[in-house]
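Peer 1: Sequence:
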Amino acid sequence: MAQETNQIKNNFDQNQKLTLQEKVFVHSDKSVYLPGEIIWFKIYCVDASFHKPLNLSKVVYVDVLDGNQNAVMQAKISMNDGSGSGSLYIPVSVISGNYKLRAYTSCMKNFSPDYYFEKQITIVNTFKSPEPQAKEQLANYDVQFFPEGGNLVAGIASKVAFKVTNFKGQGLTTYKGAIIDQHNDTVARFEPLKFGMGSFVFTPLANNAYKAIIKGGKVTIAVKDLPATNSEGYVMQLKDNGGDQLEIAIKSTNKISGEVYLFAHTRQIVKVSQNAYLNSGEAHFTIDKAKLGEGISHITIFNGARQPVCERLYFKRPKQQLFIEASADQPQYATRKKVSMNIGVKNAASSYLPANLSLSVYRIDSLQHTDAEDIVNYLWLKSDLRGNIESPDYYFKNTNAETDAAIDNLMLSQGWRRFQWNDVLKNTKPAFNFLPEYNDHLITAKVVNGATGLPATDLVTYLSVPGKRVQLYAAKSDSLGRLVFNTKQLFGPGEIIVQTNSERDTAYRIDVLSPFSEQYAKHTESKFDLTSGMRNAIEEHSLGMQVQNVYAGNKIKQFYDPGVDSSGFYGKPYKTYLLDNYTRFTTMEEVLREYIREVNVVRSQKRYHIKVLNDNGFLQGDPLVMLDDVPVFNMDKVIAIDPLKVRKLEVMRERYFYGPSVQEGILSYTTYKGDLGGVEVDPHAVVLDYEGLQLQREFYSPVYDTEDAVKSRIPDFRNLLYWQPNVNLNISGKGQLSFYTSDEKGKYVGLVQGITRNGEVGSQYFSFDVR
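Numbering-wise, our numbering puts 582 at position 582 of the sequence shown, and it's gapless, one number per residue.
What the hints contain is simulated information worked out from the structure, not anything from laboratory work.
One or more hints might be untrue.
As the list claims (entries may be wrong) - DEER-style ranges, computed between Cβ atoms:
| id | residue 1 | residue 2 | range |
| --- | --- | --- | --- |
| 1 | A401 | P493 | 32 to 42 Å |
| 2 | Q605 | D423 | 19 to 29 Å |
| 3 | E191 | Q489 | 40 to 50 Å |
| 4 | S566 | E495 | 14 to 24 Å |
| 5 | K211 | P354 | 50 to 60 Å |
Stated by the list, open to error - Listed next, the in silico DSSO-like pairs over lysine-lysine satisfying Cα-Cα at most 27 Å (straight line):
| id | residue 1 | residue 2 |
| --- | --- | --- |
| 6 | K555 | K745 |
| 7 | K575 | K468 |
| 8 | K555 | K446 |
| 9 | K557 | K468 |
| 10 | K316 | K337 |
| 11 | K468 | K271 |
| 12 | K239 | K319 |
| 13 | K271 | K9 |
All figures in this text were calculated on a predicted structure; none of them were measured in a lab.
By construction, the Cβ of each residue, glycine as well, lies at the ideal position given by its N, Cα and C atoms.
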């Protein structure tokens, strides 16, 4: 058996080495918005096993999805050292409802969308009437049962977890249930413990069918069949008596002695591997809790044939590793007053640590509440579970027997794993359809033969971004016709042109693919529900939003300069000709012949050709000619360029190897306006509007540091007082921040959260009043 267990462990380790996985967490400024407002967010990307910041993916994709999985907002966020930040302006066309804010990397698209970060946000459109609310009906209740280990087996007692949610997706808190057989005899009763979840124990019998009757008061609200009972199989029973060890019993209907194997891992890191012998259909394991990692561990049982037969999850409460000190200097402020705050980060030994943090300060009321999800409960709990986790902070704020029982019900009812055991045991190499974006944003496309529809192989294709900055990328198609363009610092909205060499290849169709994921998790967000108690808060939010857009609209639309490298891909050119320094000719042929010493213009068989000259003689073939970064392959079109619209010409007189392409020198024209100077794009080229990496928007926070500013009659109706995605504490582990209150009175909360280089995470709320 030792050889078998080692083989499973080796296969598992090998599989995990080939599948480095990421986790993404998004800190949004708040969770309730109105159209016309901005969603601000900070992104943390970490290694899925150790939770350390991971400088792997340089782009994170952000979607806001409606209830039909349609994206209403999207963005590509630049990442550096495992963090990045961005914003989304909410259009007025968005209807009221609950939406899904999700984030993922290109690499994460190789796995289930259940791995993506997801968070529910609410958008209330005060300019549109809300849709009629659905009534709670029998079919609106979702009832699920989860036998411990995975199966019900005839004649063996099993713990069965259950979960009942209402039409809003929330756990039903008060109900009673009974399990009855086909003779309507009651064999078990149950009630929920927390969030609609609980568990009961019963022994199913062979050839019996069971169903649950669930009642709210005296009314039957749901009827649900239990999972089918197997005549043969294994049952797993885990007991945690609060001591240092876990006891796990395996029971089987097979009375013949055999071997079973226990395998436990925490976030894909092997922690325990044991074997035991079945004696009269029973085997027992003991696990030292200290061997298990903190957070969620998967415990799997294999039979002697190396087949997984039982599995369940176990949660080990993480020790608090990071303590964030954050508070305002006063408990109460007047309007337009300065708020100063100190921030510190300490470890369990009370030593200050450097950390990467983000901070949001916003007003809470009947519409906007504090967020139950933070970086701590997300990384340790929600990121390794499937589906919606109601009030994840509950499991971390409370440490009592009820909480322990509730979290065990959660483990039984929402467990999952990040891989398929069959792939691991067969040592199947994972297939990756999406490349990690190690350096920058990748634009993918597919090229096919226009006549046959078959993929075009080994075809060199060019992607260019028209403008004054040289951005040209080349790619060669693979056997499936796929193209990958590795862009560099492609920021903001613009236009891209994708084409083949029109002098040689014209019978091809190119399709540029969307980089956003088209896979979606199965669970949906809870239903949106407006109450009369929210009316005043909604009216205040709506007035504040409109006032801010009128009086501070220009300040809200300011963006940071991304500071990109403006040099071309070819680096420093051999020579740059500023045409204004020369006598202006009216034809490009005269310019090339009279001024550009590195080229020679010839005309053969009624076609123009350009030869580049260096110290060794003329290069073969025509050079790569670019007009505002767009390749022009027809030299007749080059000669037809209006020189009076061209500002400069850069010349490379050597043979240049660029990706899969070989160029016989380079001529790069730049017009005054960056608009191709009136030259038409080749009709076979694909021209698309394309949004690059998002430009960083500046957060507007007015300063009232003078008497005139305080007395200004310009209204300030901000309910989000401050947003700072980059609170980077140095080795001292301490920092100071300040901001000003607005004209909006009420209770404000601030949330500071973040991570250290070693993967320690923490969060802290603070509050103050504005009167």
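Peer 1: Please go over all the hints and tell whether each is borne out by the structure.
Peer 2: A quick look at each hint next to the structure:
Checked against the hint of 32 to 42 Å, the C-beta distance between A401 and P493 comes to roughly 56 Å, which is inconsistent with it. Checking the proposed 19 to 29 Å range against Q605 and D423 shows it is violated: the Cβ atoms sit about 60 Å from each other. At about 59 Å, the CB distance of E191 to Q489 disagrees with the hint of 40 to 50 Å. Checked against the hint of 14 to 24 Å, the pair S566 and E495 passes, with Cβ atoms roughly 18 Å apart.
Between K211 and P354 the C-beta distance comes to about 57 Å, which sits within the given range of 50 to 60 Å. With a C-alpha separation of about 23 Å, the suggested pair K555 and K745 falls inside the 27 Å cut-off, and the hint holds. Taking the CA atoms of K575 and K468, the gap is about 17 Å. The hint holds against a cut of 27 Å. Proximity of K555 to K446 is assessed by CA-CA distance (about 41 Å); at most 27 Å being required, the pair is judged violated.
Annotation: proposed proximity of K557 to K468 holds, straight-line Cα distance about 23 Å (limit 27 Å). Pair hint K316 plus K337 does not hold up; C-alpha atoms about 45 Å apart against a cutoff of 27 Å. Between K468 and K271, the direct Cα distance comes to roughly 56 Å. Violation of the 27 Å bound is thereby established for this hinted pair. Simply put, K239 and K319 have alpha-carbon atoms about 22 Å apart, close enough for the 27 Å limit, and the pair holds.
For the given pair, K271 sits about 10 Å from K9 by alpha-carbon distance, which is consistent with the 27 Å threshold.
In this structure, the earlier hints numbered 1, 2, 3, 8, 10 and 11 are contradicted, and the remaining ones agree with it.
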